[in-house]
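Student: Letter by letter, the chains look like this.
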Amino acid sequence: MVTLTITDLVIAAVLVGLLALLSLRLQTGISVQLLVAAARTAIQLSLIGLLLKVLFANVHLGWVSLMAVFMLLVAGREVMARQERRFKGWWGYAVGTFSMFLSSFTVTVFALVVILGDSPWYTPQYAIPLLGMLLGNTMNGISISMDRLTHAAWEQRSVIEARLMLGERWDEAISEIRRQAIRSGMIPIINAMAAAGIISLPGMMTGQILAGAAPVDAVKYQILIMFLITAGTGLGTMAAVTIGAKHLFDKRQRLCLDRLRELP
Amino acid sequence: MSKAPPLLQIKNLRRLMIGPLSLDVDSGDCLCISGPSGSGKSQLLRAIADLDPHEGESFLEGVASNELAANEWRARVGLLPPESCWWLPRAIDHFHDGVPIPLDHIGLSGAILEQPVSRLSSGEKQRLALMRLLSNLPRVLLLDEPTANLDPENTRRVEAVIAEYRRSHDAAVVWVSHDGDQVRRVANQHYVIAEGSLQQREIEGSQWLR
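Chains as they are written, first to last, in my numbering: chain A, 1 to 264; chain B, 265 to 474.
What the hints contain is simulated information worked out from the structure, not anything from laboratory work. All C-beta atoms, glycine included, are put in the ideal place defined by N, C-alpha and C. Heads up, a few of these hints could be off.
As the list claims (entries may be wrong) - Which residues of chain B face chain A? A few of them, derived with a C-beta cut under 10 Å, are:
#1 Arg310
#2 Asp316
#3 Ser329
#4 Asn335
#5 Arg340
#6 Leu344
#7 Ser348
#8 Arg396
#9 Pro402
#10 Ala427
#11 Tyr429
Work the whole structure out from these sequences, hints included.
Tutor: Following this line, the structure appears as structure tokens:
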């Protein structure tokens, strides 16, 4: 395995710097954004690298849990920020975060205990990257599906209410919208599975191979991760859409669009 | 022998600028409500159908709306909104138990059910929406300008179908209408809504038949 030096990274950074200069010449207006994002990548990843180093040296369930909760809360904020018409108040944060907790944590613990079976089961070398992959992907599924759910409920309020007027239950009146929201949250991971290895070489596998792992081992890990991500995204999306759809109605099965935030 | 409770009873209903208002509607009654736009007629019907939060209580044959699941209440106290809404490709897809009344009674041909809803006119959709509501066999009809998009001939047909349903099913009708002639033809009670309250008016020359 070729170990990278700081010089190697600086050379790669020069490429980004040249791109920024070129963007400036073309007046695209994204040069600054580009440089800030590149700097964030370097700083954030260095910090997490140091943090993981410390974490790996001090294997303790408490530290792993603290890290996991921190990751969950940040991912929850991201899910909230990506929905235009999210629920008002703490609901807007809680629906996504709770669903991610439910799906990512369950699937991660399941994989650690049942599949990997390392001792102790929370060995951070496995636990943190696994949880990270799961959170990152369920985050996409949940934010896409919740955005779809709340948008569709807003746009199709007259359809939902027409169905309520005809004596349908709330869950019948929103069934189509709920189904479509779940579908839209799961399509990206289904596409990713279908394209894996043919159109795209998944990043994790590529990374492992670059780091010197045998391709077949890397492939096995990638398949495992893909399946875990799919299970996590599916569970999280279904949980979020189910909870969200229910919260669109009150006890008397009235559509409560005032529970959604106005568009800014 | 104690008197049976009215079919629909509304007690101290309040919603936004409406109310508090109380109303008794017996089976066989057809009660018309008029009033300028923005006076809250549609709000009133929506509140009776329990589609919006409101104060006060509604009863169907003495049973409070809260004692029934909201969907059961709405199936029995059916609201026809001014704009009909369709979510499946063809009109026929929205009828679970068939069409309750031959369509030629409302001036439509049966073939219309198979056409894409997007190709129907608003008047056709309005009449089909009434059929869809009646197929639920509601006890109370809350009709929000059900003939607004219809020509005089079809307006008469729809009025006749509603009267026939009211008699054969012992139902009550609450009908929002702007048309004084229509009120004379269909109603036995007439209220005008103004500043959130209902005022009863005499109907001169009523042609209402029990």
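Student: Provide an ascending list of the numbers of those earlier hints which the structure does not satisfy.
Tutor: 10, 11
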